[in-house]
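Q: Please construct the entire structure, taking both the sequences and the accompanying hints into account.
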Amino acid sequence: MVLSLILLYIKLLTRFVMSIRDELRRILTIISDLTHNDTNSTVKDTQITAKANVPFKEIEQYLSELQSAGLIMQDSFKPGNVDYRIYKITRKGINEIYNKEFR
Numbered sequence: 001m002v003l004s005l006i007l008l009y010i011k012l013l014t015r016f017v018m019s020i021r022d023e024l025r026r027i028l029t030i031i032s033d034l035t036h037n038d039t040n041s042t043v044k045d046t047q048i049t050a051k052a053n054v055p056f057k058e059i060e061q062y063l064s065e066l067q068s069a070g071l072i073m074q075d076s077f078k079p080g081n082v083d084y085r086i087y088k089i090t091r092k093g094i095n096e097i098y099n100k101e102f103r
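With the working numbering applied, the sequence shown has no gaps in its numbers, which climb one by one up to 103 at the end.
Because the hints were derived from the structure by calculation, they are not lab data.
Hints may contain errors.
[To be verified] Simulated pairs of lysine-lysine, BS3-like, Cα-Cα distance not exceeding 30 Å:
hint, residue 1, residue 2
1, K57, K88
2, K51, K92
3, K44, K57
4, K88, K51
5, K44, K88
6, K57, K92
7, K44, K92
A: Encoded structure:
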């Protein structure tokens, strides 16, 4: 019984407090700024790369990690014959940014 309560506490704690690397947090903050914290707004990966001033290969890796963590999502809408990807910030991503600011 006590063990199950401890496991539940740990599960709830990790749900609300997620620690991500500074590089990922920086990219997430850029996405947040470009979308104005609107989960319906989109941003191109090229815009993120331009603002981050980091090589595109690194940005791709960071975006993949952020997407795996559920902090951003790739928008399914993509016009034909384009070379960029479109991303949206998730509610979880917005919460992660604001939770860090107030810790």
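Q: Compare the structure with each hint and give your call.
A: Results for each hint:
Between K57 and K88, the direct Cα distance comes to roughly 19 Å. Compliance with the 30 Å bound is thereby established for this hinted pair. Distance restraint check for K51 and K92: the Cα-Cα separation of roughly 22 Å lies within the 30 Å cut-off, and the hinted pair is therefore satisfied. Straight-line distance between C-alpha atoms of K44 and K57 comes to about 15 Å, which keeps the hinted pair within the 30 Å bound. The hinted pair formed by K88 and K51 meets the criterion: a straight-line CA distance of about 16 Å does not exceed 30 Å.
Taking the CA atoms of K44 and K88, the gap is near 9 Å; set against the 30 Å cutoff, the hint holds. Our distance criterion of 30 Å between C-alpha atoms is met by K57 and K92, whose separation comes to about 25 Å. A C-alpha spacing of about 20 Å is found between K44 and K92, which places the hinted pair at or below 30 Å, so the restraint holds.
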